[in-house]
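K.L.:
Given chain L, work out where chain E should sit, using these hints.
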Amino acid sequence: MIDAKKILEIISAIAKKIEAEKNFLTQLDNEIGDGDHGINLARGFKSVEEKLPSLADKDIGAIFKGVSMQLVSTVGGASGPLYGTAFMKAGNVCKGKMELTAEEFVAAIEAAVNGVKMRGKAVEGEKTMLDALCPAYKAIKAGIDCGKNLIDALNDGVDAAAAGVEYTKTIIATKGRASYLGERSIGHQDPGATSSLFMLQTALEVLRRE
Amino acid sequence: MKKLINSVETVEEQMILGLVKSAPKKLRKLECGNVVVRAEKKENKVALVSGGGSGHEPSHGGFIGKGMLDCAVAGAVFTSPTPDKIFEGIQAVATEAGVLCIVKNYTGDVMNFEMAIDNAVDNELKIDYVVVNDDVAVKDSLYTTGRRGVAGTVLVHKIAGAKAEEGASLAEVKAVAEKVIANVRTMGMAISPCTVPAAGKPGFELPEDEMEIGIGIHGEPGTHRAKIASADEVAKTLLDKILADIDYKNQEVVVLVNGMGATPLMELYIINNFVQDYLAAAGVKVYDTMVGNYMTSIEMAGFSLTLLRLDDELKKLYDAPADTPALKR
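The listed protein sequences correspond, in order, to chains L and E.
In terms of my numbering, the first sequence has 107 at position 107, counting the first letter as 1, and numbering is strictly consecutive.
In terms of my numbering, the second sequence has 1314 at position 314, counting the first letter as 1, and numbering is strictly consecutive.
Just so you know, these hints were derived from the structure itself, not from any lab.
Model, not experiment: these values are computed from the prediction.
Ideal Cβ positions, reconstructed from N, Cα and C, are used throughout, including at glycine.
Be careful, since some hints might not be right.
Unchecked claim - Output of the computed footprint for chain L on chain E, the stretches with three or more beta carbons under 8 angstroms from beta carbons of chain L: (1) 1030-1037; (2) 1111-1122; (3) 1303-1313.
What the hints assert, rightly or not - Taking CB as the label site, the calculated pair distances span: (4) V1008(E) to K51(L): 45 to 53 angstroms; (5) E103(L) to K1021(E): 39 to 47 angstroms; (6) K46(L) to M1001(E): 19 to 27 angstroms; (7) S1007(E) to I151(L): 25 to 33 angstroms; (8) D1288(E) to A163(L): 51 to 59 angstroms; (9) R208(L) to A1171(E): 56 to 64 angstroms; (10) E1031(E) to N149(L): 49 to 57 angstroms; (11) D1245(E) to D3(L): 24 to 32 angstroms; (12) E1210(E) to D152(L): 28 to 36 angstroms; (13) E1043(E) to K51(L): 44 to 52 angstroms; (14) K1021(E) to N23(L): 31 to 39 angstroms; (15) E1313(E) to E104(L): 36 to 44 angstroms; (16) I151(L) to D1118(E): 31 to 39 angstroms; (17) K1021(E) to K51(L): 28 to 36 angstroms.
The following block holds chain L by itself, in its conformation from the complex:
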């Protein structure tokens, strides 16, 4: 079970993590993109953090929706619409809920990942955030389906996302600005997959705090 208070804690922790990793994400983006991923995400999550007090007594759907609106209106670039859509879709399936069961948490992640696919017109294997998110979703779902608790399942998801980030080093980008590099994009890890991994890692850390 995850309640709304825990969700707020996770989001606040993600905002701090993104701020802390801002320069690293930007450096990754410098190598194969236009060098602003960390800067843009940090700007967005800073505004999310400022918004959080106003979401304090809201249901989880409303919290995710509030996060989405802040990201969409402050991040810009591709990551704003992508993460914004992810939180929006997760919010839709959590509407009115003050807590999520493990199954509902999986459904929220599924909706988020499908939202990113839809908005980005992308699939796995194109060197994008989906290379972290898709394997993570599959691992979390497999874990819950075979009876693991949420923390163990999320731990599997984080491992799968980390492997996905490693995998992005080996493939050519076909979506986003890194696609202009063609073969020269090989050898570099994708900044979007990396920020997705950071978010999942942070969620796990917060859930483990109890």
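P.N.:
Coordinates of chain E only, in the frame set by chain L:
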């Protein structure tokens, strides 16, 4: 980082305010953000909305005015503006005749504009959009993001803007914008990088004796690096790639020799000197030439070459009057 700015946080807004103050009778900034519109809204014509990241000045705000754009939405440096700001711009200039958005082909720009356009449709506005993808340096493919929108976008603004000013319908303005996109090709290069203010250091490094061929307008790497060559040799490399992409032989063209921000006009003219002779020898007829900074990349040194293949309609619209801060005709 050495820049004439006040703080990295205020770069975009102060730039936009300064632009508007340079032409206060013609331009107006919306309260909601870095959105610039014509000082006087023109009714009874299709409104043209463009935009993108900042750092490409005079694109796009400098092309607002009679015969060109009605609105330009500026994002953070090299970052697409957000859907809410684009929507504010659309709403401010929308007319009964409709709105055409001109979007450069980048993943972020396309997504943010699409979200804004969805919102406009929900609000029962008549709206459509075109995506400019003139950069021949990038391989075109259905399965990738595809070619980038670069300096050719300015010619889309000019010609679609002239068509809209004539009172053409949304479908007609869109059709002529698509015609420009189908006939315009660009390729660029750089000899030194640029620094995004918020990043504080250059987006890439180039050794003293090297250049990047096929570069984008955000410092994204191009097709390859090479030892620096003469102006003529570099211009030939870019032109050959453009001429191989569509057939320009015996056609009339507009040539745009575009500076990336830190290239002196002296060098752009040296390049143009070669370009004109080379095109003449290749049997391409130059109808008109533009030399200057139209689609820049902050302080990157380098240039791009653009060729637009003309027909009678495009020629007439290219010659039509325009009165904007950065382009008058």
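K.L.:
Would you mind marking each hint as holding or not holding in the structure?
P.N.:
Evaluation of the provided hints:
no., hint, result
1, 1030-1037, "violated (count 0)"
2, 1111-1122, "holds (count 3)"
3, 1303-1313, "violated (count 0)"
4, V1008(E) to K51(L): 45 to 53 angstroms, "violated (23 angstroms)"
5, E103(L) to K1021(E): 39 to 47 angstroms, "violated (58 angstroms)"
6, K46(L) to M1001(E): 19 to 27 angstroms, "holds (22 angstroms)"
7, S1007(E) to I151(L): 25 to 33 angstroms, "violated (43 angstroms)"
8, D1288(E) to A163(L): 51 to 59 angstroms, "holds (56 angstroms)"
9, R208(L) to A1171(E): 56 to 64 angstroms, "holds (58 angstroms)"
10, E1031(E) to N149(L): 49 to 57 angstroms, "holds (51 angstroms)"
11, D1245(E) to D3(L): 24 to 32 angstroms, "violated (58 angstroms)"
12, E1210(E) to D152(L): 28 to 36 angstroms, "violated (51 angstroms)"
13, E1043(E) to K51(L): 44 to 52 angstroms, "violated (38 angstroms)"
14, K1021(E) to N23(L): 31 to 39 angstroms, "holds (35 angstroms)"
15, E1313(E) to E104(L): 36 to 44 angstroms, "violated (58 angstroms)"
16, I151(L) to D1118(E): 31 to 39 angstroms, "holds (38 angstroms)"
17, K1021(E) to K51(L): 28 to 36 angstroms, "holds (33 angstroms)"
Hint compliance for this structure: hints 1, 3, 4, 5, 7, 11, 12, 13 and 15 are not met, and every other hint is.
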